[in-house]
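Listed below are the residues making up each chain.
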Amino acid sequence: MSGLNGSQLAVPKTIKMYIDGAFVRSESGRSYPVYVKGTKQLYANLCRGSRKDVRAAVTAAQEAQPGWSGRSAYNRGQILYRMAEMTESKRSEFVELMTETMGTTKAAAASSVTRAIDALVYFAGFADKYHQVLGSENPVSSPHYNFTCSEPVGVVGLLGGDTVDFDVWVGQLAAIICSGNTVVALMPELESALLAPLSEVLATSDLPKGVVNLLSGELDELRAVVASHMEIQSLCYMGDDSKVWSELKVLGAENMKRVVAPGRETMGLESISGFLEFKTVWHPIGT
Amino acid sequence: MRDFINIKMPNGSEKPLPLVSVDKVGVTERANFFTTRSIKKDSKLWALYTAISMVDLTTLEGADTDDRVRQMCAKAIHPVSPYLFQEMCRQSGAAVEPIPSVAAVCVYPNRVKTAVAALKGTGIQVASVATGFPAGQVALDIKLQDVKQAVEAGASEIDMVIDRGAFHSGRYQDVFDEIVAIKTACGDAHLKVILETGELGSLEKVRFASDLAIQAGADFIKTSTGKIPSAASLPVTLVMLQAISDHYQATGRKVGMKPAGGIRTAKQAIHYLCMVSEVLGAEWMNPQMFRFGASVLLNDLLRQVYKQITGRYYYTKAFSLD
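Chains as they are written, first to last, in the numbering used here: chain A, 11 to 297; chain B, 164 to 485.
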C-alpha cells in the first residue's frame with residue numbers, strides 16, 4: 011500500500027472511517043499518523059473520530075437496524091459468508107498491514123486472517139441456526155404452549171481496547187450482526203489501520219449501509235459518548251481495563267444498557283447470545 | 164416586462180406595486196451563510212427554548228379526531244412532563260427554566276372547538292387553517308364561510324391559502340381582494356397568509372406574492388401548507404423576510420413570519436432564528452412575530468435540550484409522539 015508497483019512514488023493512504031456505508035473523514039478534520047512498526051516512517055494517516063462522528067454512526071446504525079433484522083436469517087448468513095469471501099480476497103492486504111504496522115510475523119498474521127475467515131463462515135452458518143439452539147419449548151403446568159425465542163437487542167457499541175486479536179475482533183463483530191443487531195465499532199487503537207481493508211470488505215459484501223460502522227480514534231475520548239448514548243442498547247468492551255469497565259457500566263445504567271464481555275471463544279454461541287433479548291410466549295391451547 | 168403592477172386598494176386609490184427582481188444566486192449564498200454560525204452552550208439552550216415557544220404545533224390530517232387534538236393540546240401546554248423535567252435537571256445539577264409551552268396549535272376548522280376547550284386559560288393560541296385548505300380552489304363565499312365558522316368557534320388566528328390559480332393567471336387584483344375580504348371576515352383574529360411558495364415557481368413570484376399579502380393586510384406571511392413536497396427553505400424565507408423588512412422601513416408596520424413544512428431538526432430551526440435575528444432584528448425574535456409551523460420539530464428541540472442538560476445524546480422514544 012505504501013508504494014505503487016514499479017513506481018518510486020509512494021502514495022501514503024489516508025484511511026477513512028466507514029459510516030453509513032460511506033468512507034468519510036472525521037467531521038472534526040483531525041487525523042493521526044500510523045508508522046511502520048519500530049520506525050518513524052509514515053505508513054498512513056488515520057482519522058481521529060469525534061463525538062459527532064459517533065452521533066452520525068449511531069443514527070446510521072439505528073436507521074439500518076429494522077431493515078437488517080427484518081431480513082431473513084438465511085440472507086444474513088449469505089452476506090456474512092460473502093464477507094468471508096471478500097476477506098479471503100484481501101488476505102495479502104491484511105497480512106501486509108499487520109506485519110508493517112503491528113510488527114506481527116508473517117506466519118502469525120496469515121493464521122490470524124485464516125481464523126477470522128473461519129469465524130465469519132462459522133457465524134454465517136449460525137445465522138439461521140442459533141434460534142433453534144438457544145430457543146426452547148418450556149414445559150408448564152397450565153394449558154399453555156410455552157416457548158422462548160430470541161430477538162436482537164438493537165444497536166450495539168463495540169469498543170476495542172488497546173489491542174485485540176484480529177480474528178477475535180472480526181468474530182465478535184460477525185456474531186453481533188448475525189442475529190440482526192447493528193454496530194457502532196471503535197477500532198482497537200493499535201490495530202486501527204486494519205480499518206482500511208475491513209471497511210472495504212464490508213462495502214463489497216452486500217451488507218446494507220449502516221449495519222456496521224467503523225470508527226478510528228481514541229477510546230479515552232469516545233467511550234463516554236458511546237456509553238452514554240441513549241440509542242445504543244448494548245455495549246461490548248473488548249479490553250480488560252477495570253476502570254473502563256466500571257465507567258461503562260455507570261454511564262450505561264441510565265438506559266439499562268447491557269455491558270457485555272466478548273465471548274470466551276472466538277467461535278462460540280456465547281458471542282451471539284450476549285446480544286439477544288429472550289422473549290417467552292404463553293400461548294393458550296385450551297384444556 | 165413591466166416594473167410594477169397597479170393594485171386597487173380597499174379605499175379606492177391605486178397603488179403601483181413594484182416587481183422586485185431577486186438575485187437567486189445571491190439569496191442562496193446569503194441564506195447558506197446563516198447555517199455556518201456556531202451556537203453553543205447557553206446560547207444554544209436559549210435558542211432551543213425560544214424555538215419551542217415559537218412552535219405552531221400542527222395536525223392537519225384527514226384522520227384527525229377530537230381525541231387526537233386534545234392529546235396534541237396537552238403536549239402543547241407541557242411538551243414534557245414538568246415534574247420529570249425538574250427531576251432530570253436536579254439529577255444533572257442544571258439550573259434551567261421549565262420548558263415553555265408552544266405558541267399555538269393549528270387545526271382544521273372542525274376541530275377548533277375542541278382545541279379551544281382544551282387550551283382554555285393557558286394563553287396558547289388556537290390557529291385554524293381555512294379558505295379551502297390546502298388547495299384554496301373553492302368559491303369566495305365558501306372561503307368566507309369557512310373563516311367565519313372558525314372564528315366563531317374561537318380561533319384566534321386564521322391561516323389562509325392564496326388562490327395560486329388566480330396568481331398564475333396574472334389576476335393579482337383578485338388575489339389581493341380575496342385577502343382583503345378574508346382579513347375583514349377575520350375580525351380580531353390574526354391573519355396568516357400562506358403563499359405556498361413551492362407552487363409559485365420563482366423567488367421573484369415569492370417576493371411579489373409577499374408584497375401583495377402584506378399590502379392586503381396580512382398579519383403574518385407563511386411559506387407553505389406542508390401538503391406538497393417543496394416546503395419552507397432558507398432562501399425562500401429570506402426573500403419573505405426581506406419583503407417584511409422593506410415594508411417595515413416604508414410604513415413602520417411589523418408583519419410576522421411563519422416558515423412551515425420541512426423544518427424537522429433543531430439545527431434547522433436555529434438556522435432560521437439566526438436569519439430572523441440578522442435580517443429583522445430582536446423585535447421579531449418572539450412568538451408574536453415569528454412562528455414555526457411544525458409537528459416533528461418539537462421532539463427534536465426537546466431532544467437537544469435534554470442533550471444540553473444531561474450531556475447524553477437522547478433517544479426519540481423519550482418523548483411522546485403527539
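Just to be clear, a hint being listed does not mean it is correct.
Unchecked claim - Once the Cα atoms are required to be at most 35 Å apart in a straight line, the calculated DSBU-like pairs of lysine-lysine come out as:
| id | chain 1 | residue 1 | chain 2 | residue 2 |
| --- | --- | --- | --- | --- |
| 1 | A | K219 | B | K430 |
| 2 | B | K171 | B | K283 |
| 3 | A | K139 | B | K480 |
| 4 | B | K283 | A | K259 |
| 5 | A | K62 | B | K203 |
| 6 | A | K26 | B | K171 |
| 7 | A | K253 | B | K171 |
| 8 | B | K417 | B | K171 |
| 9 | B | K204 | A | K62 |
As the list claims (entries may be wrong) - Just a sample of chain B residues kept apart from chain A, beta carbon distances all over 12 Å, derived:
| id | residue |
| --- | --- |
| 10 | L307 |
| 11 | E367 |
| 12 | S408 |
| 13 | D409 |
| 14 | G415 |
| 15 | T473 |
| 16 | T479 |
Because the hints were derived from the structure by calculation, they are not lab data.
The beta carbon of each residue, even a glycine, is placed where N, CA and C say it ideally should be.
Quick rundown of the hints versus the structure:
Taken as a hint, the K219/A and K430/B pair is honoured in the structure, with Cα atoms around 24 Å apart against an allowance of 35 Å. Restraint check: the Cα-Cα separation between K171/B and K283/B comes to about 41 Å, which exceeds 35 Å; the hinted pair is violated. For the given pair, K139/A sits about 32 Å from K480/B by alpha-carbon distance, which is consistent with the 35 Å threshold. Distance restraint check for K283/B and K259/A: the Cα-Cα separation of roughly 46 Å exceeds the 35 Å cut-off, and the hinted pair is therefore not satisfied.
A distance of roughly 14 Å separates the Cα atoms of K62/A and K203/B; the hinted pair therefore holds under the 35 Å criterion. A C-alpha spacing of about 63 Å is found between K26/A and K171/B, which places the hinted pair above 35 Å, so the restraint is violated. For the hint linking K253/A to K171/B, the alpha-carbon distance of about 78 Å lies beyond 35 Å, and the restraint is violated. Restraint check: the Cα-Cα separation between K417/B and K171/B comes to about 22 Å, which is no more than 35 Å; the hinted pair holds.
Distance check on the hinted pair: K204/B and K62/A sit about 15 Å apart at the alpha-carbon level, within 35 Å; holds. With a minimum CB-CB distance of about 46 Å to chain A, L307/B clears the 12 Å threshold, and the non-interface call stands. Distance check for E367/B against chain A: the nearest CB is about 37 Å away, which clears 12 Å, and the non-interface claim stands. For S408/B, the non-interface assignment is confirmed: its Cβ lies about 34 Å from the closest Cβ of chain A, beyond the 12 Å cut-off.
Listed as outside the interface, D409/B is consistent with that label: its C-beta sits roughly 38 Å from the nearest C-beta of chain A, beyond the 12 Å cut-off. Distance check for G415/B against chain A: the nearest CB is about 44 Å away, which clears 12 Å, and the non-interface claim stands. Annotated as non-interface, T473/B brings its C-beta within 12 Å of a C-beta of chain A; the closest such distance is 8 Å. With 12 Å as the threshold on Cβ separation, the claim that T479/B sits away from chain A is violated: the shortest Cβ distance comes to roughly 8 Å.
In the structure shown, a violation is registered for the earlier hints numbered 2, 4, 6, 7, 15, 16, in ascending order.
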